[in-house]
Amino acid sequence: MLKIDFYERPAPLLAPDLIGKKLVRLQNGTRLAGIIIETEAYQGQEDLACHAHFGRTKRNQVMYEEPGRAYVYFTYGMHWLLNIVADRFGHPAAVLIRAIFPVEGQELMALNRPNLANSHQWLNGPAKLTQALALNGSMNGYDLTKPGAELFLEEGTAVPAELVNIGPRIGLGKTPEPWLSIPWRWELDWQQAQNLIQKGVK
DNA sequence: CGGCCGATTATCT
DNA sequence: GATAATCGGCCGG
Numbered sequence: 766m767l768k769i770d771f772y773e774r775p776a777p778l779l780a781p782d783l784i785g786k787k788l789v790r791l792q793n794g795t796r797l798a799g800i801i802i803e804t805e806a807y808q809g810q811e812d813l814a815c816h817a818h819f820g821r822t823k824r825n826q827v828m829y830e831e832p833g834r835a836y837v838y839f840t841y842g843m844h845w846l847l848n849i850v851a852d853r854f855g856h857p858a859a860v861l862i863r864a865i866f867p868v869e870g871q872e873l874m875a876l877n878r879p880n881l882a883n884s885h886q887w888l889n890g891p892a893k894l895t896q897a898l899a900l901n902g903s904m905n906g907y908d909l910t911k912p913g914a915e916l917f918l919e920e921g922t923a924v925p926a927e928l929v930n931i932g933p934r935i936g937l938g939k940t941p942e943p944w945l946s947i948p949w950r951w952e953l954d955w956q957q958a959q960n961l962i963q964k965g966v967k
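So the number in my numbering is just where the residue sits in the first sequence, counting from 1, plus 765.
Take the hints with a grain of salt, since some may be wrong.
Pairs of lysine-lysine, DSBU-like flavour, derived with a Cα cap of 35 Å [said to hold, decoys possible]:
| hint | residue 1 | residue 2 |
| --- | --- | --- |
| 1 | K911 | K893 |
| 2 | K911 | K768 |
| 3 | K768 | K893 |
| 4 | K939 | K823 |
| 5 | K768 | K823 |
| 6 | K911 | K823 |
| 7 | K823 | K893 |
| 8 | K893 | K939 |
By construction, these hints were calculated from the structure, which means they are not laboratory data.
My request is simple: use the sequences and hints to build the entire structure.
What follows is the structure, encoded as structure tokens:
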């Protein structure tokens, strides 16, 4: 299990390091897990795309707390999105988990999210993976570093940096420049993930 | 495959 | 009262 010092740095530094890490969720004792293959960084009040842009609110409060917590919020009237809090206490920052490659507990994940199971479009979106991992607002503020946690990260698979695509963040709507174009999104495509992961790990 | 659009409601102005 | 760090269905090529 990764400890708090792994998370305690600005989101644009943490986000690329999360690619290849294994996200583990215990659902009634069953391990559900996927390798993280897409992330986005949201850093500080000065980042106009960050929820902390307008200062501290009830919703974004968790972003100001200890790193290594889950920031789970509701959007578009129906979707839950999972972020991992970054940076030091008092500095609002988080990394959005946008996609995972499933490696454990796929049967249960398919029950949680039956629609497209076994297609490569299965877990390639932030609201898709929260469904598969049975995550919702009840996990907001959850400490991923505490002993016995039911949501945490493991070391996972080493991913060579040259395989990771970098580009602007997605879905930012009318966020003004230059924030709209900042390359704070990191992604390993599905095929590359499959090549890497199915070599060693089961 | 790509673009458009409706769903649906907590949160913030 | 408007908007949203999205998704899935439907359309056309």
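Going through the hints against the structure:
Distance check on the hinted pair: K911 and K893 sit about 26 Å apart at the alpha-carbon level, within 35 Å; holds. For a cut-off of 35 Å, the pair hint linking K911 to K768 stands: about 9 Å separates their Cα positions. For a cut-off of 35 Å, the pair hint linking K768 to K893 stands: about 26 Å separates their Cα positions. With a C-alpha separation of about 23 Å, the suggested pairing of K939 with K823 holds against the 35 Å cut-off.
Pair hint K768 plus K823 holds up; C-alpha atoms about 26 Å apart against a cutoff of 35 Å. With a C-alpha separation of about 23 Å, the suggested pairing of K911 with K823 holds against the 35 Å cut-off. Distance hint between K823 and K893 is fulfilled; the C-alpha atoms sit about 25 Å from each other, no more than 35 Å. Between K893 and K939, the direct Cα distance comes to roughly 24 Å. Compliance with the 35 Å bound is thereby established for this hinted pair.
In summary, the structure agrees with every hint in the numbered list given earlier.
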